[in-house]
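Protein chains: 2
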Amino acid sequence: MNFKNVLKPIFSVIIITTLFNCQEVKEKGTQEVAKAEAIDPLPSWNDSASKEAIMSYVSDVTNTESQNFIPIADRISTFDNDGNLWSEQPAYFQLFFAIDRVKELASEHPEWQTEQPFKAALEDDMETLMKSGEHGLLQLVMASHAGSSTEEFDAIIKDWIKTAVHPTKKVGYDKLVYQPMLELLQYLRANDFKTYVVSGGGVDFMRAFVSPIYDIPAEQIIGSRIKTEFDYNDGNPKIIRTAGIDFIDDKDGKPLNIQKIIGKKPVFASGNSDGDLPMLQWTASNTHKNFMLYLHHTDVVREWAYDRDSHIGKLDKGLDQANKDGWTVIDMEKDWKVIFPFELTN
Amino acid sequence: MNFKNVLKPIFSVIIITTLFNCQEVKEKGTQEVAKAEAIDPLPSWNDSASKEAIMSYVSDVTNTESQNFIPIADRISTFDNDGNLWSEQPAYFQLFFAIDRVKELASEHPEWQTEQPFKAALEDDMETLMKSGEHGLLQLVMASHAGSSTEEFDAIIKDWIKTAVHPTKKVGYDKLVYQPMLELLQYLRANDFKTYVVSGGGVDFMRAFVSPIYDIPAEQIIGSRIKTEFDYNDGNPKIIRTAGIDFIDDKDGKPLNIQKIIGKKPVFASGNSDGDLPMLQWTASNTHKNFMLYLHHTDVVREWAYDRDSHIGKLDKGLDQANKDGWTVIDMEKDWKVIFPFELTN
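Protein sequence lines correspond, in order, to chains A and B. So for the first sequence, the numbering used here puts the first residue at 846; every next one is plus one. So for the second sequence, the numbering used here puts the first residue at 846; every next one is plus one.
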């Protein structure tokens, strides 16, 4: 028996397997990548123009032979959250948190029984609450989001999300993320894009629970912020959340915050409302080949249908510019096989 | 011949090699790691207590068998820049940029020939310049750092660093980085720490050229910021730098900005002045095993020697707390074999 001849093919197989495994580990550290290459990386998307446009873009800019190749360090992608990675109807989920928090704190504030907007919050009177306008909602946010340390606030949110239930869908808010977008995030990461959340929502609210759902670390979640103060506290330092707005991460605030925090212009930006338009415009000016993606809520049965006249997630100017400039617009009803992960059957 | 018995040990070796290779690729994607393990990862450090403390900490918290093991996602390390990763004497290097920029713009501002602090800047009269105090220096910074787009400013800095020369060391400012700290950054990254710059210096000033020197991407450089505005500019959007301070990333601002931008408490923090003390205090309160590192400038021959009475990089309260709490203090003269990369002989 020729020992060498027996071992040679065995070694070849092992070397190939080794290289394959290492490549896989290098790219993602999981076995997802090989799977993604072998089978459809976006299985919850119908074979529509949107899916084709996304995959053809990614394939082009990650091809070292292409003139549109983008170095890994520049593959920055930014995603709005509310109405883009999860639902935002009948109101931003963070508002439901604020209302629940006001109810929890009500016993310490007997005056809230008669004072607006707190009275409306305590009575689940959404109409009056909305009529209190920006000033009223700001009062509600400050009463419910300030006054704790960052660590205490994190624990409060984590507790809340465990039991809070969406008023009409009757599931936890964290179940109302979009399965096709989870696949898109994973697909981009498998192709060495860095995925960021860039949302008008509160950054600490999001960080407390969306990291594991989106597989995005805290440092890649960007959002609106309340003012904070550092307190050395005799060797047990705390960062205290105080009653003031530090930054609103919406509209022009999105590209401004992207520049402040990331310091690079995205090549891929995804949103669903006019609040995301400056982020998409900024991305469209990248000298690298870029991709602007709007999610159009068109599914009145499985999710919600709204655009130009909606108070939440209004998509009007953005839709015009998308049509004019040939940006990709997802038609939720037609483009997505499933909306939420719980619809998946195994 | 028992085929199985021959192959078993061969497979074992191959499996071990495979695991080792994959681990390596996973950790760094380069061959640096194996090298770092095999030879001294901190060759420019003398075998002092500082080096021993750093290496014993890293070895402990990256050991999966240790009760002090820190998951990779939490291995956040933050480094001050001025006087910590590069020199800061006889004045912050960014001030020399501001002076050079004022000289460049002087022809458009004839009034600067007589107006302070501009007159002093134009005449290289550092004494008068320093006497103009915070207000004067702020005027200088605004005149030299505002009024351009982020892209234009980036190009201005990149141009400046190419030719600017340090007044006494007579080399480019980017040559005055500390070789032992470059090795420390690389050593931490090889052990899956994420390395951040957290500096009182301007974030856009740093990002323009320190990324390749420190091997730290723009999104991991945190600093002070000027106010900015988004201008859609008819489809050619710009972010314009305006004359106002947005955030000073010094003292309490450091832990506040770390929480805002990273959203995780560091486990390793490195600084050289009282301005870094809150960042080190914040790090010291991490429930993970943590490491606080102060660089003490003690080398009057090769660099500079200063601490409690210095106007720049004053280290007074920080030194007291380091001594009291047993933080590691680098004695630059005794602990470092070389200071700057150009001292290395190949």
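One should not assume that every hint holds.
Identical chains blur together in the list; that is why a pair holds if it fits in one copy or across any two.
Claimed, not checked - The calculated EDC-like cross-link candidates involving lysine to aspartate or glutamate, where the alpha carbons are at most 16 angstroms apart (straight line), are:
#, residue 1, residue 2
1, K1007, E1188
2, K1162, D1152
3, K1072, D1004
4, K1096, E1074
5, K1083, D905
6, K1007, D1144
7, K1096, D1161
8, K1072, E996
9, K1015, E1188
10, K964, D919
11, K1134, D885
12, K1072, D1091
13, K1014, E953
14, K976, D1161
15, K1083, D945
16, K1109, D945
17, K1169, D1076
18, K964, D999
19, K1072, D1170
20, K948, D1004
21, K1015, D1091
22, K1014, D1144
23, K1182, D885
24, K1007, D892
Simulated from the structure, these hints should not be mistaken for laboratory data.
Hints, one by one, checked against the model:
no., hint, in the structure
1, K1007 with E1188, "neither (20 angstroms within a copy, 58 angstroms between copies)"
2, K1162 with D1152, "within (10 angstroms within a copy, 57 angstroms between copies)"
3, K1072 with D1004, "neither (23 angstroms within a copy, 37 angstroms between copies)"
4, K1096 with E1074, "between (26 angstroms within a copy, 12 angstroms between copies)"
5, K1083 with D905, "neither (47 angstroms within a copy, 27 angstroms between copies)"
6, K1007 with D1144, "neither (28 angstroms within a copy, 56 angstroms between copies)"
7, K1096 with D1161, "within (13 angstroms within a copy, 44 angstroms between copies)"
8, K1072 with E996, "within (15 angstroms within a copy, 29 angstroms between copies)"
9, K1015 with E1188, "within (14 angstroms within a copy, 67 angstroms between copies)"
10, K964 with D919, "neither (49 angstroms within a copy, 42 angstroms between copies)"
11, K1134 with D885, "neither (24 angstroms within a copy, 43 angstroms between copies)"
12, K1072 with D1091, "both (5 angstroms within a copy, 13 angstroms between copies)"
13, K1014 with E953, "neither (31 angstroms within a copy, 64 angstroms between copies)"
14, K976 with D1161, "neither (22 angstroms within a copy, 55 angstroms between copies)"
15, K1083 with D945, "neither (25 angstroms within a copy, 41 angstroms between copies)"
16, K1109 with D945, "neither (38 angstroms within a copy, 26 angstroms between copies)"
17, K1169 with D1076, "neither (51 angstroms within a copy, 20 angstroms between copies)"
18, K964 with D999, "neither (26 angstroms within a copy, 51 angstroms between copies)"
19, K1072 with D1170, "neither (38 angstroms within a copy, 30 angstroms between copies)"
20, K948 with D1004, "within (15 angstroms within a copy, 58 angstroms between copies)"
21, K1015 with D1091, "neither (34 angstroms within a copy, 43 angstroms between copies)"
22, K1014 with D1144, "within (14 angstroms within a copy, 67 angstroms between copies)"
23, K1182 with D885, "within (13 angstroms within a copy, 55 angstroms between copies)"
24, K1007 with D892, "neither (36 angstroms within a copy, 51 angstroms between copies)"
Checked against the numbered hints above, the structure breaks hints 1, 3, 5, 6, 10, 11, 13, 14, 15, 16, 17, 18, 19, 21 and 24 and satisfies the rest.
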